[in-house]
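> Sequence:
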Amino acid sequence: MNKKLIKNIPSNPLIIAITGSAYGVHGWIRVFPFTENPISIFDYQPWFVKKTHQWGILILEKWQYHHQNIIMKVEGINDRNTAIEQLNYCQIIIEANQLPKLKEGEYYWKDLIGCQVINLNNNILGKVNSIMATGSNDVLVIKVNEKKKQKQTERLIPFLYQKVIKEINLPNRTIYVDWEIEF
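To convert, note that position 132 of the sequence shown is 132 in my numbering; the numbers rise steadily by one, no gaps.
It is possible that part of the hints are untrue.
Simulated pairs of lysine to aspartate or glutamate, EDC-like, Cα-Cα distance not exceeding 20 angstroms [as the list claims (entries may be wrong)]:
#, residue 1, residue 2
1, LYS50, GLU36
2, LYS127, GLU95
3, LYS110, GLU167
4, LYS73, ASP43
5, LYS62, GLU75
6, LYS166, GLU180
7, LYS143, ASP178
8, LYS166, GLU104
9, LYS51, GLU36
10, LYS62, ASP79
11, LYS103, GLU182
12, LYS73, GLU85
13, LYS101, GLU85
14, LYS151, GLU182
15, LYS127, ASP138
16, LYS163, ASP138
17, LYS110, GLU180
18, LYS163, GLU182
19, LYS127, GLU104
What the hints contain is simulated information worked out from the structure, not anything from laboratory work.
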């Protein structure tokens, strides 16, 4: 990791991956992408990391598949101990404006975080806290408004467009769903 003090930190940071544990003794580290196509993380450079309130830049030397995982070698990391000390479980961050522009009606997951979720009876179910990829369909993780004194602290709502997700209004930061408040 380049330890130079970085003056141009991302103004609109976006986490695209997280590093895992070290692999081998030569400074390789596991990486777990959040992108739909895992290897597309290598299309976005530079990579930033933030560790103990300091920003750094990762310069990729090489990467490869190891079984079904991706491992990578970063410039300046040449042994297992350094990989563990500097990169164990770090977020890999890019400038969000590097992402491709989307067509009308398309959105990135990051755009849905923080949106208010309202059902067809006009009940506010909460706000999107995160999104899980489950394989068959994505799932919205909704943080319930604690002031409403509901039994749950979060809800899981399947992202089934038209069946459950009825409308996404990004300008108003609202998602309308066919989902009962008791679910």
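> For the pair supplied as a hint, LYS62 and ASP79, confirm whether the alpha-carbon distance does not exceed 20 angstroms.
Holds: LYS62 and ASP79 sit about 15 angstroms apart, inside 20 angstroms.
> Within a Cα-Cα threshold of 20 angstroms, do LYS50 and GLU36 meet the stated pairing?
Judged against 20 angstroms, a Cα distance of about 23 angstroms means the pair is violated.
> Would you check the hint for LYS163 and GLU182, treating anything up to 20 angstroms between C-alpha atoms as holding?
Holds: LYS163 and GLU182 sit about 18 angstroms apart, inside 20 angstroms.
> Would the hint linking LYS110 and GLU167 be met if the CA-CA limit is 20 angstroms?
17 angstroms, holds
> Between the alpha carbons of LYS73 and ASP43, is the straight-line distance 20 angstroms or under?
16 angstroms, holds
> If you draw a straight line from the CA of LYS127 to the CA of ASP138, is it 20 angstroms or shorter?
16 angstroms, holds
> Please verify whether LYS143 and ASP178 have alpha carbons no more than 20 angstroms apart.
Measuring from Cα to Cα gives roughly 17 angstroms; hence the hint holds.
> Holds or violated: LYS62 and GLU75, Cα atoms, limit 20 angstroms.
OK: LYS62 and GLU75 at ~9 angstroms, within 20 angstroms.
> Between the alpha carbons of LYS127 and GLU95, is the straight-line distance 20 angstroms or under?
24 angstroms, violated
> So if I understand the rule, the pair passes when the alpha-carbon distance is 20 angstroms or less; does LYS73 with GLU85 pass?
Judged against 20 angstroms, a Cα distance of about 15 angstroms means the pair holds.
> Against the 20 angstroms threshold, does the CA-CA distance of LYS151 and GLU182 hold or violate the hint?
9 angstroms, holds
> Given the proposed pairing of LYS163 with ASP138, does the C-alpha separation stay at or below 20 angstroms?
13 angstroms, holds
Of the hints listed earlier, those the structure fails to meet are numbers 1, 2, 9, 11, 13, 17 and 19, in rising order.
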